[in-house]
Amino acid sequence: MLQAKLELHDIQGTVLRNRPMPYFGAYLLFRIHNATAARNLIRRLLPHITSAADWEHPAENAWINIVFSYEGLRRMELPAEILAGFPIEFRQGMAARAAFLGDVGESAPDWWDLPHGQNGFHIGLLVMAGSTALRDEKLAIGHAAMAGIEGVSLIARLDVGVPPTLREHFGYRDGLSRPFIEGEGGIPAAGQGVPVKAGEFVLGYENELGQISTGPGPEIFWKNGTYLSIRKIRQKVAAFRNFLQQQAASADAQEKLAARMMGRWRSGCPLSLSPDKDDPSLAETNTFNYYDDDPDGKKTPLGCHIRRVNPRDALKDTITDARLHKLVRRGAAYGPLLPEGVMEEDGKDRGIVIAFVNAHPGRQFEFVQSQWVNDGDFISQGSRTDPIVGRRDHADDFIYPEKPFRRHITGLPDFTVTRGGEHVFLPGLRGLRWIIEMSG
Amino acid sequence: MSGKVIQNERTALAQNVINQPDGPGKRIGKRSELALIGQVNPDGGAELFRSRIAQFQAEAAYWETRVGTVHDFRITLIDNDTRLLFMITYDGDFKPYVQDIIEQAHPWFDAIFPGIWVGYKSAHDAATIQMVVDSALTADFLYVAHPDLSVHDISKMKKLSKAVNDLFDAAS
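Quick note, the sequences are listed as chains S and B, same order. If you count the first sequence from 1, position 132 lands on 132 in the numbering used here, and the numbers rise without skipping. Positions in the second sequence are counted from 1; adding 440 to them yields the numbering used here.
Hints may be right or wrong, so weigh each one.
To be clear about the criterion: a stretch of chain S counts as covered by chain B if any three or more of its residues have a C-beta under 8 Å from a C-beta of chain B, and this derived list gives those stretches [to be verified]:
hint, stretch
1, 311-322
2, 364-374
Over 12 Å on every C-beta distance to chain B, these chain S residues come out as not near it, computed from the model [what the hints assert, rightly or not]:
hint, residue
3, H48
4, N65
5, R74
6, G130
7, R178
8, A238
9, A239
10, E284
11, D293
12, P401
13, F405
14, I436
Pairs of lysine-lysine, DSS-like flavour, derived with a Cα cap of 30 Å [to be verified]:
hint, chain 1, residue 1, chain 2, residue 2
15, B, K596, S, K316
16, B, K599, S, K403
17, B, K599, S, K316
18, S, K298, B, K599
19, S, K316, B, K561
20, S, K403, B, K602
21, B, K598, S, K299
22, B, K535, S, K316
23, S, K299, B, K599
24, B, K602, S, K298
25, B, K466, S, K316
26, S, K298, B, K596
27, S, K299, B, K596
28, S, K403, B, K596
If you're looking for bench data, these hints aren't it; they were derived computationally from the structure. Backbone N, C-alpha and C fix where the C-beta goes; we use that ideal spot for every residue, glycine too.
Model the full assembly from the supplied sequences, consistent with the hints where possible.
Right, dumping it as C-alpha cells:
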C-alpha cells in the first residue's frame, strides 16, 4: 500500500511536531460573545498560525496553534447539521463525561480552575517556544490581534514551561515514547514500532480500520484537522514524596518503588532493559516489548503507568486491538518546582497540561483513560487503577514483584487531581479559512 | 428502578445493579449484559439461519476465545421466526469495545447474519454497527454469581488451581 502523503502545510504544527527542549509556552483561552468579532480575530491570527511544514524548517523556534471547543464552533455559527455530525465526546465536552472518565471527588469538574467549553473556553491559542523571549513575541502577536476587537475576551492564561530539572514535577523524565505517524517525515526511531496510520491522528487519511477518517460537513472544513483532548492535571508533589518515604526506608528503595509505579526509573531508563538498577544512559532506548519478554510483569509490573498507557505488544492475545487506541501525547509542566527535600505542600499550583492528539476521541483518549488508566480488567487486575494517575474510588492498591514475595501496597492516596479538561477541534489551515469565510 | 423494596433477611445480599456507564445494558460489578432484538428477513431468513447455525455454533469457542471477555451468549428466533433475540453476558464496558470486537470477530458474525437480520450488511459497515447499537435492549433484571471475576480471572484461577493440585498429586 502506498504510504500516506500528508499535506504538512495545511496541518497545524502541534499535531506532528515535538515541542523544543527546554520549552516555554502558554495556553490562552477566549470566550466568544460575538461571532463576527471572533472571525475577525481569527482572520488576523491566520497568517501567524504555524503549520507542520513550517516546523520542518522553522524560521524561529516558536509557534502558535488555534483550537475550538464545540461551544466555540456553535458560537461561530456553524450550521446545525455540521455541529450534529461531530463525535459525541466532543459535542458533550469533557466535563459532561466526568463520571465515565473518572473525574470524580476532588477531580470533579466543580473544582476545575481551567475553564471548559461549558463555562467559557471557546477558542484556545497554544503558544510554544524555545525561550521566554520568543514566547513573549508570539504572545504579543495575540495581543495585537485582539486590539480593537470587542466580542471576544481573554478569560484564562496558563503558562507552561520545563522545570529547571528538565523533569516533570514528580521527578520523572517524560516524553520519551510516542508513535511514529505514517507520512510525518523522517524515519521511525528504534523501538517506535510499526508506523501508525495517519488517519488515527489527522482527519482525511486512512486509519487503522482501513477507512478514511472524516469529520462533519464539507471536506475542506475537516481535512487535515484533528482533536486534542486537553487535561490540566495538578500534581501533589509532597504527597508523592511522603508516600515513597513511608513505603521505603532508604533513598535507593524509594527510587525503586517510584520506578515500579512508572515502569521506568525516574531517569527515564526502562525497567524492561534494566530492572534492578538505574542506568540513565538507557533513557532514550525504546526497543522493548512485553509479550515474549515479560508477559507476567516480572520486570515491568503489569499495573505500572507505562504498561497501561502504552501496552506495546502485551495485549496481542486479548480482545483489545492496541492499534486502535494510540495517542500522541504533548505534555508541558506548569507551576514552580517544589524544592527538593520539601515534604509539605506550599499551596502553589503545579502539575502538567497534556494535549493528546487523536482523530477519534472516543476510541483513543477516552478509551485509554477509562479502560487502561482507570481499570485493571485488561491485565486481569480487577478494578485496580494506575498507581500514579488513576482514580482511587474504585481501587487504591498496587501490586509489583519483589523478592522473595510480591509486594501489595494498599491505601494509595490521590497523587494527581484533574483541574481542567476539554476535547477541542484543531482545524487545518484551509479549514480555519473556511470557518471565517463561511458565514462572514 | 421504581417500586419499593421491603428490607428483610433475604434483601441483605442484594447486588448493586447499575446501568452501563457508557452505552446500553445493565451491570453488576465487572459483569455486564446486553440483549439485541432484530427483525428476521421474511424472505427466507429463518431457513438461512437454520442452515448456518451449526457452523456458527461449532466455531463459537474459537472466536469467543479470541475475544476473551464473553461469559455466555445465546441467539434464538422468536415470535414465529419473525424476530431474532441475541443475549450476552460479558466483562466491562460495551460501547468502548465495539470496534475491538468487530476487529476480532467480524468474519464469524458476517458468516451468519447477512440475509437473516434485516439491516445487517457487514460488521465493518458503519450503518450496520449503528443499527446493532440502536436495537439494544437493557434488561429489567440481572443476577450474576461472581460480579468481580472476569473471564480472564477465571481462566487464571483454573490454571492456578490445577497447578496446586498437580503439586499435591506429585507430592503424594
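Decide if the proposed pair is consistent with the structure: K599 (chain B) and K403 (chain S), CA atoms, cutoff 30 Å inclusive.
Roughly 23 Å separates the two Cα atoms, so the pair holds.
For the stretch 364-374 of chain S, does the count of residues with a C-beta closer than 8 Å to a C-beta of chain B reach 3?
holds (count 4)
Keeping to a limit of 30 Å between CA atoms, is the pair of K299 (chain S) and K599 (chain B) held or broken?
22 Å, holds
12 Å Cβ clearance of R74 (chain S) from chain B
23 Å, holds
Nearest-CB test (12 Å) between chain B and R178 (chain S)
22 Å, holds
Check whether the Cα positions of K403 (chain S) and K596 (chain B) lie no farther apart than 30 Å.
Distance of about 22 Å is within 30 Å: holds.
Pair hint K598 (chain B) and K299 (chain S), alpha-carbon separation not exceeding 30 Å:
Holds: K598 (chain B) and K299 (chain S) sit about 25 Å apart, inside 30 Å.
Given the hinted pair K596 (chain B) and K316 (chain S), is their alpha-carbon gap at most 30 Å?
Answer holds: K596 (chain B) to K316 (chain S) is near 17 Å, not above 30 Å.
Verify the proposed pairing of K316 (chain S) with K561 (chain B), using a straight-line Cα cut of 30 Å.
28 Å, holds
Would you check whether the claim that A238 (chain S) is not at the interface survives, using Cβ distances to chain B and the 12 Å cut-off?
33 Å, holds
Per-stretch coverage check for the stretch 311-322 of chain S, three Cβ contacts closer than 8 Å to chain B:
holds (count 5)
Tell me if the straight-line CA distance from K599 (chain B) to K316 (chain S) falls inside 30 Å.
It holds: about 20 Å lies between the C-alpha atoms, which stays within 30 Å.
Hint violations for this structure: none, all hints satisfied.
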